[in-house]
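So you can see what is in the structure, the chains are spelled out below.
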Amino acid sequence: MAENVRPRVKAPRKASAGEEVTIKTLISHPMESGQRKDADGNTIPRSIIHRFTCEFNGEMVVDVAMEPAISTNPYFEFEAVVPEAGDFKFTWYDDDGSVYEETSSVALA
Amino acid sequence: MTLTRRNVMVMGAGAFVAFGLPMSASAAAEDAIAEFTGGADMGSEGVTLTAPEIAENGNTVPIEIDAPGAEAVMILAMGNPTPGVAEFKFGPLAASQSASTRIRLAGTQDVVAVARMKDGSFAKASSNVKVTIGGCGG
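Going down the list, the sequences are from chains A and B.
At position 57 of the first sequence the residue is numbered 57 (this note's numbering), and the sequence of numbers has no breaks.
At position 57 of the second sequence the residue is numbered 57 (this note's numbering), and the sequence of numbers has no breaks.
Please note that a few of the clues may not be correct.
To be verified - Dumping the calculated EDC-like pairs for lysine to aspartate or glutamate here, alpha-carbon to alpha-carbon at most 20 Å:
| hint | chain 1 | residue 1 | chain 2 | residue 2 |
| --- | --- | --- | --- | --- |
| 1 | A | 10 | A | 55 |
| 2 | B | 124 | B | 30 |
| 3 | B | 89 | A | 79 |
| 4 | A | 24 | A | 79 |
| 5 | B | 89 | A | 63 |
| 6 | B | 118 | A | 59 |
| 7 | B | 89 | A | 59 |
| 8 | B | 118 | B | 45 |
| 9 | A | 14 | A | 77 |
| 10 | A | 24 | B | 66 |
| 11 | B | 124 | B | 64 |
| 12 | B | 118 | A | 79 |
| 13 | B | 118 | A | 63 |
| 14 | A | 89 | A | 101 |
| 15 | A | 89 | A | 19 |
| 16 | A | 14 | A | 102 |
| 17 | A | 10 | A | 77 |
| 18 | A | 24 | B | 87 |
| 19 | B | 89 | A | 20 |
| 20 | A | 24 | B | 64 |
| 21 | A | 89 | A | 79 |
| 22 | B | 130 | B | 56 |
| 23 | A | 89 | A | 59 |
| 24 | B | 89 | A | 94 |
| 25 | B | 118 | B | 41 |
| 26 | B | 89 | A | 55 |
| 27 | B | 89 | A | 77 |
| 28 | B | 124 | B | 71 |
| 29 | A | 10 | B | 64 |
For the record, the hints were derived by calculation from the structure and aren't laboratory data.
Assemble the whole structure, with the sequences as input and the hints as a guide.
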């Protein structure tokens with residue numbers, strides 16, 4: 001498991017029904033591409049987060065398949081509709097099998 | 001080294017290998033596009049790719065896609081060792097089919113976005129990015 005993996009999410013706490021909100025997510029992760037070499041010339045093995053999903057009350061907002069060309073500390077910004085009060089659930093899937101989760105609740109304004 | 005017939009043949013073969021590698025990388029990109037579209041024709045309208053003209057650091061290049069009415073968007077970096085970058089699938093609760101992220105680019109190259117629309121058609125947008133320092137740690 002990669003060390004010090006910390007997800008951060010910026011989503012509104014209140015929204016009116018049907019409102020379109022902007023969500024920003026960032027997760028600290030080295031995203032080792034598998035292309036780099038260490039000081040001895042050995043290839044450093046690939047270790048990345050290969051999938052990110054955002055759901056609201058179980059309905060998909062966005063599902064991203066990621067390749068090694070995504071930068072260190074993967075950042076995503078996108079827009080979602082809030083039809084009712086509920087929870088955004090963010091999930092990151094690591095190459096090593098770890099799953100990082102974060103939730104953010106939205107109340108109706 | 002004297003310029004014998006044998007040496008010329010060896011140099012010729014070496015040159016072929018050196019120039020053949022970048023060709024195979026872009027061929028991989030073409031294959032990835034063909035797999036995504038199933039060989040269908042791509043229009044040029046309907047998808048926008050926003051990328052900087054010049055990126056000083058290839059390790060973090062901010063890009064933005066916007067494809068109203070798309071259900072999936074694939075992003076490719078044509079000059080990277082592996083051309084795939086990401087594939088966005090937009091669900092029923094996506095307010096707009098747009099997203100932004102940060103990507104790695106190995107050098108100056110074209111970045112391509114291919115969108116699959118809900119009606120099954122495809123659209124393609126491409127943007128050239130000049131990279132001062134490549135992002136492959138080589």
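Status of each hint after checking the structure:
| no. | hint | result |
| --- | --- | --- |
| 1 | A:10 <-> A:55 | holds, 15 Å |
| 2 | B:124 <-> B:30 | holds, 13 Å |
| 3 | B:89 <-> A:79 | holds, 13 Å |
| 4 | A:24 <-> A:79 | holds, 9 Å |
| 5 | B:89 <-> A:63 | holds, 5 Å |
| 6 | B:118 <-> A:59 | holds, 18 Å |
| 7 | B:89 <-> A:59 | holds, 13 Å |
| 8 | B:118 <-> B:45 | holds, 14 Å |
| 9 | A:14 <-> A:77 | holds, 18 Å |
| 10 | A:24 <-> B:66 | holds, 16 Å |
| 11 | B:124 <-> B:64 | holds, 14 Å |
| 12 | B:118 <-> A:79 | holds, 18 Å |
| 13 | B:118 <-> A:63 | holds, 16 Å |
| 14 | A:89 <-> A:101 | holds, 7 Å |
| 15 | A:89 <-> A:19 | holds, 18 Å |
| 16 | A:14 <-> A:102 | holds, 18 Å |
| 17 | A:10 <-> A:77 | holds, 9 Å |
| 18 | A:24 <-> B:87 | holds, 18 Å |
| 19 | B:89 <-> A:20 | holds, 18 Å |
| 20 | A:24 <-> B:64 | holds, 13 Å |
| 21 | A:89 <-> A:79 | holds, 14 Å |
| 22 | B:130 <-> B:56 | holds, 8 Å |
| 23 | A:89 <-> A:59 | holds, 10 Å |
| 24 | B:89 <-> A:94 | holds, 19 Å |
| 25 | B:118 <-> B:41 | holds, 15 Å |
| 26 | B:89 <-> A:55 | holds, 12 Å |
| 27 | B:89 <-> A:77 | holds, 14 Å |
| 28 | B:124 <-> B:71 | holds, 14 Å |
| 29 | A:10 <-> B:64 | holds, 18 Å |
The structure agrees with every numbered hint stated previously.
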